[in-house]
Amino acid sequence: MKWDEFFVTGDPLIYGADVSIALTTAGILFYLTYFKKWKWLWTEWLTTVDHKKLGIMYIVSAVLMLFRGGVDALLMRTQLAVPEAKFLDSQHYNEIFTTHGTIMIIFMAMPFLIGLINVVVPLQIGARDVAYPYLNAVSFWTFFIGAMLFNISFIIGGSPSAGWTSYMPLASNEMSPGPGQNYYLLGLQIAGIGTLLTGINFLVTILKMRAPGMTLFRMPMFTWSSLVTMVIIIFAFPILTVALALMTFDRLFGSHFFTLQGEGMDMLWANLFWLWGHPEVYIVILPAFGMFSEIISTFSRKTLFGYKAMIWSMLLIAGYSFLVWVHHFFTMGSGAVVNSVFSITTMAIGIPTGVKIFNWLFTMYRGKIEFATPMLWSLGFIVNFVIGGVTGVMLAMAAADYQYHNTYFLVSHFHYVLIAGTVFACFAGLVYWYPKMFGYKLNERIGKWVFWLFTIGFNICFFPQYFLGLDGMPRRVYTYSEESGWGPLNMVSTIGGFMMGVAFLILVYNMYYSFRYAKRETHGDAWNGRTLEWSTPSAMPPFYNFAKIPVVKSLDHFWRQKQEGKVEKLTIKDIKPIHMPSNSGVPFIMASFFFIAGFGMVFEWMWMGALGLIGVFGTLIYRSFEYDDGYYVSEEEIIKTEKISN
Amino acid sequence: MRRLKPFLTFGVIIAVFMLSGCSNMVVLDPKGPVGEQQKDLILYSIGFMTFILLVVYGLFAFIVYKYRDHKNHKGYDPDNEGSHLLETIWWVIPIIIVIALSIPTVKTIYSLEGPPEETKDQKPLVIHATSVNWKWVFSYPEQDIETVNYLHIPEDRPVLFKLTSADSMASFWIPALGGQKYAMAGMETELYLQADEQGTFEGRNSNFTGEGFTDHTFEVHSLTDDAFDKWADETKSGAPELTKEQYDKLMLPGHVKEMTFSSTHLEWVNHADEADYAVKTRERLGYEPKVPHSKEAKEERKKLKEEKLKEEKQQQESESHGDSHAH
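For the protein sequence lines, the chains are A and B, in the order given.
The first sequence begins at 1 in our numbering and counts up one residue at a time.
The second sequence begins at 1001 in our numbering and counts up one residue at a time.
According to the in silico footprint, chain B covers these stretches of chain A (three or more CB under 8 Å from chain B):
| no. | region |
| --- | --- |
| 1 | 87-101 |
| 2 | 162-168 |
| 3 | 176-187 |
| 4 | 332-338 |
| 5 | 355-362 |
| 6 | 471-479 |
Bear in mind the hints are in silico, worked out from the structure with no lab data behind them.
Model, not experiment: these values are computed from the prediction.
Yeah, the Cβ is synthetic: ideal placement off N, Cα and C, and Gly gets one too.
All chains, full assembly: derive it from the sequences and hints.
And the structure:
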């Protein structure tokens, strides 16, 4: 590593980014100092173990990453709008599609969903926090640091350019030298620790912390989907951890797990990657399914149709998700038996998914449908996701897949499931639970504009890509010739992409607009909801969530109470001191050491890597000897917070 | 319903716009029996998918319209929570659809493992296709000739491609003739293809292999049997022999023009058995991979760009003069 190569130079786009990063950082530092906010930042946010605040931080990071990944996408669409465009060169384009994929999946979709799970699930099960609040903070900070490490690659050292799948031997030192690929390995590794911890934390939370009376089959569907997701995380993420570690050994310490030399096996990487990667797809879609179930039921004013079938189909999907990974490389020549088996398992996963679609439709049947923004996103999900679903079944047919593989047909398919599924759910969930997080709703009129613009733009962008695929346009090419005839449809696609970009900007504007002008909620039940998170007296629940833990008697307990006019009022007799966990700065400090370790290893400065790791172990040891049993919130404070008078 | 109108109009416009172009999309207009089988399977599945979409969209439109919250709303039943009959129906129908799709899928998977049915008695022409970043080397062991970045094949005769790679994982794909298969170092995969007519088809690597991936392409010329034999004989007698030195230079990453030789590299290396040949050769020749953002790499990219521009200019000039020199 030469020092003059430390910063990425020579590209006006990068210089622009440098300047904007410097300005933003300076602006933030100035704001914090001038308004004396440093202490507030430290005590309220950096050291918090409150699941709601951690959830909000997850979501804020995810929205920032959505912006970053979205800019990547628009740069790609600009380059592809016309044949033989000279906007980006090949290397630059390769870096951008690599970071786009990695960021959108690992640093946008997952944290957005985990953020919403953080905010909502403890409230839905009537708990005061998660099982391990301290661990929850460690999860967030390792995710955040992993994301930051990955993101600085584009100004320091250069971004990875071997695709988000990083197939070996392309990703080896011989073909992708330099820090780029190391950023991928270490950024994902550090963030992966956080995800695995979240999996354990929420599994225990959901199994052990439910309010009295809430049996498994009285849990809200979003909580159910989170539970199943956590199980998948616990089984899938260790595979990624091991695979990344092996490739890191190959690149940094000269081992030969996946390399061309020394009898390495490149196909092993593809298998390990997708053994994690396919369950990963369900990690980002199951919580989405859960949210749509809640929202459709709420805005149809009706019980979810086929509650038990919804759960069983989700469990089936979770099981199947580990039995289909080979469909990502039918073309590897595994033979007729293997391809036939995996074709059938893959198609079979469509069965429980189809059942869910019909159950959602019949949840609305005989309901009273209100077209609030979260509901619009849910309806848009059904219409668009089905297109992604049926093309998924088409791709599952191995013999036909030989023609679709590596083409824009595939690109369009997975955007139809990931955008219409996961991204629509993130937006729906954000709008739906916004009043729970901030005490006011996002403006509905602007919200509907965002929905229509985004959905129409989405279809204009991705529908033509099915046809580009059938016309033989491979994915990941940085340009194409005039004679190929792919120009017009690509232009259409680019226009759609920019419509989505504009819709995102309006969404962000809506956050500002609503912050300024929205009517503040006066009670906790903003949407006439059904589940416990809406039962708190104040719009935003206090840090201890429930002054008195509710006793649950049925599914949709809160809704039934409202129907029967029997919503319990809190009285002074109910108030008892509440035990809460203490804040801690250690998770943040530990994650900072992870950053030092990761950054050192990216540049193969082993002294720095070792120093960082010593710091990490230091914080672990410190924590082991730290004796902190939390504290009690006094009755007076609760009475004051809950505004009880009598 | 008013809310759904933009959706509908948009859908109709897109559908008309797209379907008009369907007939000439390469995958749906195959030039050989392999692609033909795949096209049939694709169209068969599109039929089922259209049926599924119609059912879901029909139900969706009906339910959302009828049960929207409006003045004369009827039939509200907040506790309607399931129906065994309905749920059985939508477990069973998808199962039937999956079975209906699985049978032809499995049949086609098995059939594509061998040569096409109608020509299975003919001896297939064997061609070794080797991917090296970012070129394709084709060896004809029987004819003892080798080409780079282009293929000649006889029509109406099955061709057995034996695929391998000298470095990154590539995917050998001639969309007009049929589906693709990976070419991997230290591995040999087999793919049968056949052309039913004469013509020139585009072939390419479709699996991302780094900087030169986009231009990792080749041309396929399908000829009559006689023309193919004549070409093979002429190549054998007329083309230069491939030396090991020359072949080792091909191992360096980069693009090259089309080449023809009267011998094959299989005499000294088959990359299916020697995964590290290219890496070792590069080391021996003193090639060092460059960090993409290093000064040297940037200079190299700049040079390549200038060369490409120059080439394009020359091409344009020769095209504008082309009329007078037409042959």
